[in-house]
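Here is how the chains run, residue by residue.
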Amino acid sequence: MASELRETIPTFGKQTPPDQQSEVSLSNWSALTSASFAQNWWQATIIGLVAVVVLGGLEVFVRVFDVPAYTFPKPSDIGKALWNNFDLFQPHLEATLKVMLSGYAIGAVIGIVLAAVITQFPFVEKIITPYILLLVTTPMIAIVPLLVQKMGFGMAPRIIAVALAAGPMVMINSATGFRRTDLAKIALARSYGASTFQIFTKVRFPLALPMIIVGLMVGAIFGLLTAVGAEIVGSGEGLGNRLMFYSSRIQMANFWSVIVMLAIMGILIYIIFYWIGKRWASWQA
Amino acid sequence: MVQQTTATSAHAAIPSRPHGQLSGIDSVPSQRPVAMVVDHATKYYKTKSGAVHALEDLSLEIAEGEFVCILGPSGCGKSTLLWAMSGLHDLSNGRVVLNGTPVTGPRPEIGMIFQDANLLPWRNLEQNIRFPFEIKKLDVKPYQERIRGLIDEVGLSGFEKKFPRELSGGMQQRASIVRCLSFDPSVILMDEPFGALDAFTRDEMNLLIQKIWTETGKTIIFVTHNVTEAIFLADRVVVLTPRPGRLAHIFPIDLPRPRTIDQTFSSEFIKVVLQIKQTIMHGGFTDPDTNDARVGIEM
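Residue numbers (numbering that gives the first Met the number 0), protein chains in the order written: chain A, 0 to 284; chain B, 0 to 298.
In isolation and in its complexed conformation, chain A is listed as follows (with noise of 0.2 Å):
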């Protein structure tokens, strides 16, 4: 950083306006925050509204044209399958969630220090990068099988598949964040006097932040897309597991209650991200 701040020639102060300096379409932050939502309860309502006629509507088509229940369930039905076998799903939500939290966490972590660590030394930043794009387009569902054969039926396998799809995700936004650094900035905290760790704690990890929360979304959508495409492929449980067990069934209600299940973890993630996002990246929006 030192050697940064004296070999150049300065820019003093001088800097490209925020909105040139985004370079991804991913890294700008606004773009996933600033969805249009409900702004008041009216509009809400109207929301509400529309989920309920098409549900209704559904249910409807689905009694006047005598729809079979294997082609597509009753919505009506899909919610009591939902209430009343919830302790038939319960296991296997556990199991999903088990995998994808903890296989998340690592994935995670690592991206986050291996993208602070790796973005000081531009060099080993331009070796190691193709490798983590290649883990990032590589579908790792792709090896539960292998890993499956080494390891079997456990756990391991998955929560490393969720681990490797989760962790390039998180690195690649990560490093897009903290590669940004405002000389500007870092000057301002020299000028104070500031250590490497302070600059880093206190300027270079915020200005990164919007970043890694970014990053740290899209990661947890692709975990949990791993998880379930883990459990379809070499698991005896968990939610992925129960939709090819139920479809071998046609038990289509369930079936349709545990792609429910899914579609209410996916929102989830995107709400509870949306709400760290506009608490601790808002002021970049």
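Since the hints were made in silico from the structure, they are not lab data. In this text, all values refer to a predicted model and were calculated from it rather than measured experimentally.
Counterexamples of contact, computed for chain B against chain A with all Cβ distances above 10 Å:
#1 Asp56
#2 Glu63
#3 Arg94
#4 Gly99
#5 Val139
#6 Lys140
#7 Asp151
#8 Gly157
#9 Glu159
#10 Glu214
#11 Leu254
#12 Arg258
#13 Thr259
#14 Asp261
Computed, partial: chain B to chain A, Cβ under 7 Å:
#15 Leu87
#16 Pro105
#17 Met111
#18 Phe113
#19 Asn117
#20 Pro120
#21 Trp121
#22 Pro131
#23 Phe162
Straight line, CA to CA, 30 Å or less: simulated DSSO-like cross-link-like pairs of lysine-lysine:
#24 A:Lys277 x B:Lys161
#25 A:Lys277 x B:Lys160
#26 B:Lys47 x A:Lys125
Even glycine gets a Cβ: it sits at the ideal position worked out from N, Cα and C.
Given the coordinates of chain A, assemble chain B onto it according to the supplied hints.
What follows is chain B alone, placed relative to chain A:
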């Protein structure tokens, strides 16, 4: 608050200078102790296309409590000079001495005010003003009263919880002035602080800075490319040549204080403006009255 604690020391540190006294090129009004010495400062920057020569053999003495403006065209190395004074950048050659000790890194008795306020956007005003204390691991409590007084003085009361993006450029720069004064540095280095502000806000800020300087008696070194601003504020205007920056001439400004914006339209003031503009154009200054060439550069 500021008035009470520091006004007395301000008057002790800045004895009134006799009017019409023309100091020599590098002399300092003799009755004041020297705060900072720039000793044969030379600076090269390494770039991909070779070295850039930013400063060449520049020497300067600044008295305690003096207001010095460093003026020059863009890219003349005036910011480089200031950053070398702050200890944030090394010199290739020469040295800066502050209060008798060479500057080798950031010093606690220096406060810096940057272009565009340089507030941290994720902190509100109060948290921004606390930033130096967090870095220095100083307890902010004993300074609380002083900070409140400063916030009041610059007219930011009631904005403590606002974030930088919610404030105008002028207000942001006021906040950064409070941040700088909060820990009571004896030397303030200002790097084109008002360059991004509109002309009216700039006038306002200049009046504010003059007031703060009068009340606190800080040594202020102020980099600008605005001739009027430099003359309005300074005891001495140090004019640099285009890159590499050398000393072109030092203009002592003996206009009475407190100065007003109206004064900037007086014939006395305009005369100095013209002299400085000619100096910048020709890289040196010839006194029209005596035809005495006071040229500070050797070509």
